[in-house]
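Chain by chain, the residues:
Protein chains: 2
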Amino acid sequence: MIETPYLLFLGDAPDGLAAKVAQGIRDWRPENCVGQYRMESCRADMNLPDVTLEEAKVAGAKTLVIGVANRGGVISQAWKKVLVQALEEGFDLASGLHNLLRNEPDLVAVAQATGRSLHDVRVPEVSYPIADGVKRAGKRVLAVGTDCSVGKMYTTLALDASLRARGMKSTFRATGQTGILITGDGVPLDAVVADFMAGSIEWLTPPNEEDHWDVIEGQGSLFHPSFSGVTLALIHGGQPDALILCHEPTRTHMRGLPGYALPSLEDVRDLSLRLAQVVNPECRVVGVSINTQHMGEAEAARYCAEVEARMGLPTVDPFRHGAGRLAEALAG
Amino acid sequence: MIETPYLLFLGDAPDGLAAKVAQGIRDWRPENCVGQYRMESCRADMNLPDVTLEEAKVAGAKTLVIGVANRGGVISQAWKKVLVQALEEGFDLASGLHNLLRNEPDLVAVAQATGRSLHDVRVPEVSYPIADGVKRAGKRVLAVGTDCSVGKMYTTLALDASLRARGMKSTFRATGQTGILITGDGVPLDAVVADFMAGSIEWLTPPNEEDHWDVIEGQGSLFHPSFSGVTLALIHGGQPDALILCHEPTRTHMRGLPGYALPSLEDVRDLSLRLAQVVNPECRVVGVSINTQHMGEAEAARYCAEVEARMGLPTVDPFRHGAGRLAEALAG
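Chains as they are written, first to last, in my numbering: chain A, 7 to 338; chain B, 7 to 338.
No incorrect hints appear here.
Note that the list lumps identical chains together, so a pair holds whenever it fits in one copy or between two copies.
Straight-line alpha carbon distances no greater than 25 angstroms define the calculated SDA-like cross-link-like pairs of lysine to any residue that follow:
hint, residue 1, residue 2
1, 141, 155
2, 141, 261
3, 141, 257
4, 141, 277
5, 141, 262
6, 145, 265
7, 141, 264
8, 175, 33
Simulated from the structure, these hints should not be mistaken for lab results. None of the values given here were measured: they were computed from a predicted structure.
Work the whole structure out from these sequences, hints included.
Have a look at this one:
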């Protein structure tokens, strides 16, 4: 668990894309952000107050989050100077970088001396149990996709926000590094040891009030041979009552696998439902989320209408149209 | 890769059951065993020559394999004395115990001083790649089960032996600790990090001659919520051309999960095939392996005949009837 609120470290990000993690936090949990820290050459801007470490501290920030990708997989000396100073000022550090904070001897030494924490969200910090498959109170909805990276995180964050806006009880449950940094909590499922995958998701989505929804971020795809086991562990550990199908229509093959065509939404519906019903016979598919970022406005609307008619399910691009109709489908 | 041949360490095993691992090695790879080492109170016997460390060395043994479970999860001082002496005599050590050899400071110190290796087969020793799903030359057969621990390892070991007895090219591919100790090689799949599960199985079953069979040990079950993700990674990483269905008919619920009934063989056939065809459209189910250990001779024969008629597939208990008909099904 990462302490909030955050100071977002944008470093020397050459553009907004390099600061995608910061943007995700800014978009979905603005209340967690007291400001941004930008180095001189930084070209990204989250429209947050530019603050010094001292000012962020006064404003109540507990953790400096590295919201930017590093170049060449190295934590530069220019960054280090700020990170060390942040530890000295009393901030914890949190990062989703491939190279871990805990592998940097200088950061480790200063963190020990100052009693601060280094959070590497790519690495599990918990000893997860083995799944027991026991039915838990409360409701759960999971995003499943035709492929990796089709918008499952965005869909579930938007759905969670819509549910809460309607006054429903909802918690977004992060299963990847960006989601974990956004909410300060979650399971880095791709880094969990095989035997404990499903158990980590049971742990993440414990018994709750009967009218509470856990909105679980999906990972991978049942049809993506590299990561399908992770997806099935999510389905069986998550015990979903509802599934949202996610798709990106312009993709020509499975991500990273030129030899593999995408499955149809019908394929994903049937196989996901069959597997989900092993743990929850009442599970149903409630809606479709289409990532239309590579389509024009009219084409996007036409495509969603066509899928809606074909599948008989509410179909939206949550980025363009909001997730309200998906939230309605859960409420109804 | 563990160097063979082995000296089997039976320690102070109170009975044969405690030395199950040694029995597996003895049954399936007798050519790997130069002898057994028994302490005074040992009540297990593999019908191998009782040898001293010196005699085993002279006979060519390279590795002392701990073939017995330890009591109370502790490697006792009585064992330690033998293990340290074995390292001094030039043996490597191999173990599938929960408590790792590498966590015993005295063994580590002596292994370092003597330049010997400590193999803990519960822990991966390789950096596995991420699966790429590319079609590989050669044939592969995988055991899938209605449940965990229904006889998938036994089935695949027996099938591999049958194929080789018929002069066919075959390699048993271990995916669990006992199998790894039996063959000296394999992937401890339940301990692999999620993102690399399918890749570890691609690594284990590389391109081969077109008429060579990899006989892949199965793990878990698609219908076992605790471990189904591991099973799917095996199916997608293994890219099987053929599946063998494994079942234990007297089981009343899924192992460790009193709330879960076993699926039918038809369920396992349909779901496994659907998922396998994502990576190999030519995959087919070729036979059924029934574990009839809790049935009398006549009942077992009747049950297998009934399943054979119902499923239209050769159905045997490889322990009782041999795996010849399964090997035939692959050859045909």
